[in-house]
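Asks: As a plain string of letters, each chain reads:
Number of protein chains: 2
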Amino acid sequence: MKKNVLIIGAGGVAQVVAHKCAQHNDVLGDIHIASRTAAKCQAIIDTIRAKQNLKNVDGVLAGHALDATNVDATVALIKETGCEIVLNVGSPFINMPVMSACIATGAAYLDTAIHEEQDKICETPPWYANYEWKRREECEKAGVTAILGAGFDPGVVNAYAKLAVEDYFDEIESIDIIDINAGSHGKYFATNFDPEINFREFTGTVYSWQNSKWQSNTMFEVKKVWDMPVVGESQTFMTGHDEVHSLSQNLNVPNVRFWMGFGDHYVNVFTVLKNIGLLSEQPVFTAEGQEVIPLKVVKACLPDPSSLAPDYTGKTCIGDLVKGKKDGKDTEVLIYNVADHKDAFEEVGSQGISYTAGVPPVAAALLIASGEWDVKKMANIEDLPAKPFLHLLNQMGLPTRIKDANGDRDLNFAN
Amino acid sequence: MKKNVLIIGAGGVAQVVAHKCAQHNDVLGDIHIASRTAAKCQAIIDTIRAKQNLKNVDGVLAGHALDATNVDATVALIKETGCEIVLNVGSPFINMPVMSACIATGAAYLDTAIHEEQDKICETPPWYANYEWKRREECEKAGVTAILGAGFDPGVVNAYAKLAVEDYFDEIESIDIIDINAGSHGKYFATNFDPEINFREFTGTVYSWQNSKWQSNTMFEVKKVWDMPVVGESQTFMTGHDEVHSLSQNLNVPNVRFWMGFGDHYVNVFTVLKNIGLLSEQPVFTAEGQEVIPLKVVKACLPDPSSLAPDYTGKTCIGDLVKGKKDGKDTEVLIYNVADHKDAFEEVGSQGISYTAGVPPVAAALLIASGEWDVKKMANIEDLPAKPFLHLLNQMGLPTRIKDANGDRDLNFAN
Numbered sequence: 001m002k003k004n005v006l007i008i009g010a011g012g013v014a015q016v017v018a019h020k021c022a023q024h025n026d027v028l029g030d031i032h033i034a035s036r037t038a039a040k041c042q043a044i045i046d047t048i049r050a051k052q053n054l055k056n057v058d059g060v061l062a063g064h065a066l067d068a069t070n071v072d073a074t075v076a077l078i079k080e081t082g083c084e085i086v087l088n089v090g091s092p093f094i095n096m097p098v099m100s101a102c103i104a105t106g107a108a109y110l111d112t113a114i115h116e117e118q119d120k121i122c123e124t125p126p127w128y129a130n131y132e133w134k135r136r137e138e139c140e141k142a143g144v145t146a147i148l149g150a151g152f153d154p155g156v157v158n159a160y161a162k163l164a165v166e167d168y169f170d171e172i173e174s175i176d177i178i179d180i181n182a183g184s185h186g187k188y189f190a191t192n193f194d195p196e197i198n199f200r201e202f203t204g205t206v207y208s209w210q211n212s213k214w215q216s217n218t219m220f221e222v223k224k225v226w227d228m229p230v231v232g233e234s235q236t237f238m239t240g241h242d243e244v245h246s247l248s249q250n251l252n253v254p255n256v257r258f259w260m261g262f263g264d265h266y267v268n269v270f271t272v273l274k275n276i277g278l279l280s281e282q283p284v285f286t287a288e289g290q291e292v293i294p295l296k297v298v299k300a301c302l303p304d305p306s307s308l309a310p311d312y313t314g315k316t317c318i319g320d321l322v323k324g325k326k327d328g329k330d331t332e333v334l335i336y337n338v339a340d341h342k343d344a345f346e347e348v349g350s351q352g353i354s355y356t357a358g359v360p361p362v363a364a365a366l367l368i369a370s371g372e373w374d375v376k377k378m379a380n381i382e383d384l385p386a387k388p389f390l391h392l393l394n395q396m397g398l399p400t401r402i403k404d405a406n407g408d409r410d411l412n413f414a415n
Numbered sequence: 001m002k003k004n005v006l007i008i009g010a011g012g013v014a015q016v017v018a019h020k021c022a023q024h025n026d027v028l029g030d031i032h033i034a035s036r037t038a039a040k041c042q043a044i045i046d047t048i049r050a051k052q053n054l055k056n057v058d059g060v061l062a063g064h065a066l067d068a069t070n071v072d073a074t075v076a077l078i079k080e081t082g083c084e085i086v087l088n089v090g091s092p093f094i095n096m097p098v099m100s101a102c103i104a105t106g107a108a109y110l111d112t113a114i115h116e117e118q119d120k121i122c123e124t125p126p127w128y129a130n131y132e133w134k135r136r137e138e139c140e141k142a143g144v145t146a147i148l149g150a151g152f153d154p155g156v157v158n159a160y161a162k163l164a165v166e167d168y169f170d171e172i173e174s175i176d177i178i179d180i181n182a183g184s185h186g187k188y189f190a191t192n193f194d195p196e197i198n199f200r201e202f203t204g205t206v207y208s209w210q211n212s213k214w215q216s217n218t219m220f221e222v223k224k225v226w227d228m229p230v231v232g233e234s235q236t237f238m239t240g241h242d243e244v245h246s247l248s249q250n251l252n253v254p255n256v257r258f259w260m261g262f263g264d265h266y267v268n269v270f271t272v273l274k275n276i277g278l279l280s281e282q283p284v285f286t287a288e289g290q291e292v293i294p295l296k297v298v299k300a301c302l303p304d305p306s307s308l309a310p311d312y313t314g315k316t317c318i319g320d321l322v323k324g325k326k327d328g329k330d331t332e333v334l335i336y337n338v339a340d341h342k343d344a345f346e347e348v349g350s351q352g353i354s355y356t357a358g359v360p361p362v363a364a365a366l367l368i369a370s371g372e373w374d375v376k377k378m379a380n381i382e383d384l385p386a387k388p389f390l391h392l393l394n395q396m397g398l399p400t401r402i403k404d405a406n407g408d409r410d411l412n413f414a415n
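Residue numbers (full-length UniProt numbering), protein chains in the order written: chain A, 1 to 415; chain B, 1 to 415.
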């Protein structure tokens, strides 16, 4: 049983995490939010109070200024606040230092994306082996629970894959993870996450796991149209993504691919920016001698993803299409969720992409608090039992649906 | 009779200017090149010597480091070198300080584009009235010859308009200036001039002179396909350009428009960059707090225009389509030049756009040196006799052609 939560980060996902933690502060205890800019934490706290999302209204809800690249400062804040669970939803550049602070204090660690170094894009596969998995022994020795990639994708889609293994298949041939945002924000161009992180996802090699080995492609090279529930026919491209790098290693499945939906307009804007060199993470010098990282300037010009929320309409559909054999017969199951941008905004003041990414780590934190997922070692989501997680998400706003030969239905935990 | 030339600037156009001055140093005397970066001046000097373009091989050819925004420094250099003609082909941000240095020393002043302030784009029409024309009296009082806009466009196209007035029409209804670059540089995207200056031309209001008043449009709003000699059918857009702002005021013509050729790819890249805000001359702040001007970062990412020269192929066609009445009859005359990128590179090591912009100011300097254009006051090109200028350009690599009811032929100065 662990309690008191330190949320690191104050962006769109952190806002959802904070609201959802507040809704469960009877279980989670004190809620602390830390970010480089204290004012951003306070802004989130204000929206929680405005929406009356703090279940236990007398509970602690506080913001802190923190440079999370400074391990000592994070250790001090964890000790000072008595937090036993750290929800890291800041930039992926801080994952390793925050993990160090957790190992030093014994606090449980949760994140939603792989660690990245500022000056490196798309390292060798499997990505988790470059930083996270090197610290497995260290976590186990310290008895620290460290749950990696606990957002939606990676995160919930890993649990969908695990559920397929547990309940629907004897043998799996392929897992295709499909992520469609059929929403509309009304801007000329915007990214749904931090533009810097969003673009970094797409500027490297597209690694997929096919026929039990790594295959390399370039972004926007492999296109496929999927007919998905609710959102309909959707153009996607094979994309490099965290969960391919763990599912391929942790489940005995020969094909794991990730498909992200992109409209022609996104592809065009991305292609122009990339070809000119404006998505580069490497510095350039202006004629006046100023050293600048182009990608950070593009980020500065684009809308703040959290500013999209009030006008965002439409739905997301994210799921795993799993193919394989059950009882000797070819079987195909789609396990998925549909979320609504407007509903998300009404509940927690965020758009749907932040919502789908921010609710799952809180469900995971609740499972650490209850002990069910407090495994005292490092784990990816597929290393953990899927059903308690999906059951909680059903109750917390991200219900799972199943579509197969038996129809299209809610995943039911009534039994 | 004036002599000794100070060239300010060391970009692609300055290289052409320097080569052409060197070819005529028997008339022009000493050739000095000044720029913020002395090494750039030396690089130009090296190419002049390599191509043996210095006519009088014992003539002075020297480079200097100069911050041309510093009037005192420019005055000192003019005095030290004994230059009586200053060819300003640096950035348009330095026009006014360089003009001040000329007025202080009595040196003749020449430029190829209107003055601009860093933080202002597209001021009110007529553009020349914002800075240059305010100093007419000052120039006349000091007896300083200041010739404005002496490149190709503005510059040669103004002389074409003047020639039309002098020789081909009793009354002119419209002048359409058409600028087509049908060349290919083989890069994903590049501008032919300094990207910062190039984009600044297209981010403001498109002013045209129609029915004897200013009309406002947006960039890429008004499209027209012209069938031009040699380059054929070409897609153009109505564009704001310097010469519209002087011809409209100096010639009694009710319609003066400028049309720049743009392919769909240019329009797409420009539209993406502009809509995202990356062409802005106003600073933004990165998440890390660094103050940056997006346009300067785009410039840093794009190819240096002078680097395009070796692989540039194809031709440019720039001219004035003039319509009006002669001897009571409707008359239409196209006065134009065709230049070749490869020929330009072979002669002076530059691409055709730099060549067409860099040869005319040297022709103008020769006319100042000879006294023909040494008018001791400020003048736009159309204020001066066109024929001596066009005659010189015929001999210097930019021959004028005429296309009308009598055929398509060289403009002949044999008589």
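Because the hints were derived from the structure by calculation, they are not lab data.
Only a predicted model underlies this, so the values are computations on that prediction, with no experimental measurement involved.
Just to be clear, a hint being listed does not mean it is correct.
It does not matter which identical chain is used: a pair holds within one copy or between any two.
[Said to hold, decoys possible] No more than 20 Å apart at the CA atoms, straight line, and that leaves these computed lysine to any residue pairs for SDA-like:
no.	residue 1	residue 2
1	Lys40	Phe285
2	Lys296	Val225
3	Lys376	Ala405
4	Lys51	Met396
5	Lys325	Asp404
6	Lys299	Phe285
7	Lys299	Glu123
8	Lys187	Val269
9	Lys342	Ala50
10	Lys299	Asn211
11	Lys274	Asn252
12	Lys40	Glu288
13	Lys274	Ile197
14	Lys120	Ala287
15	Lys299	Pro283
16	Lys403	Gly29
17	Lys223	Asp383
18	Lys299	Thr271
19	Lys342	Ala38
20	Lys376	Ala62
21	Lys274	Gly186
22	Lys376	Gly106
23	Lys342	Phe413
24	Lys187	Ser280
25	Lys3	Asn53
26	Lys376	Asn4
Asks: All hints are to be evaluated individually against the structure, with a verdict given for each.
Replies: Comparing the hints with the structure gives:
no. : hint            : verdict
1   : Lys40 x Phe285  : between (31 Å within a copy, 17 Å between copies)
2   : Lys296 x Val225 : neither (32 Å within a copy, 39 Å between copies)
3   : Lys376 x Ala405 : neither (39 Å within a copy, 91 Å between copies)
4   : Lys51 x Met396  : within (16 Å within a copy, 76 Å between copies)
5   : Lys325 x Asp404 : within (13 Å within a copy, 79 Å between copies)
6   : Lys299 x Phe285 : both (18 Å within a copy, 10 Å between copies)
7   : Lys299 x Glu123 : neither (22 Å within a copy, 29 Å between copies)
8   : Lys187 x Val269 : both (13 Å within a copy, 18 Å between copies)
9   : Lys342 x Ala50  : within (18 Å within a copy, 68 Å between copies)
10  : Lys299 x Asn211 : neither (37 Å within a copy, 44 Å between copies)
11  : Lys274 x Asn252 : neither (36 Å within a copy, 48 Å between copies)
12  : Lys40 x Glu288  : between (33 Å within a copy, 15 Å between copies)
13  : Lys274 x Ile197 : within (14 Å within a copy, 22 Å between copies)
14  : Lys120 x Ala287 : between (25 Å within a copy, 19 Å between copies)
15  : Lys299 x Pro283 : both (14 Å within a copy, 13 Å between copies)
16  : Lys403 x Gly29  : neither (38 Å within a copy, 86 Å between copies)
17  : Lys223 x Asp383 : neither (31 Å within a copy, 60 Å between copies)
18  : Lys299 x Thr271 : both (16 Å within a copy, 18 Å between copies)
19  : Lys342 x Ala38  : neither (28 Å within a copy, 60 Å between copies)
20  : Lys376 x Ala62  : neither (27 Å within a copy, 74 Å between copies)
21  : Lys274 x Gly186 : between (23 Å within a copy, 17 Å between copies)
22  : Lys376 x Gly106 : within (9 Å within a copy, 84 Å between copies)
23  : Lys342 x Phe413 : neither (27 Å within a copy, 74 Å between copies)
24  : Lys187 x Ser280 : between (23 Å within a copy, 18 Å between copies)
25  : Lys3 x Asn53    : within (19 Å within a copy, 81 Å between copies)
26  : Lys376 x Asn4   : within (17 Å within a copy, 82 Å between copies)
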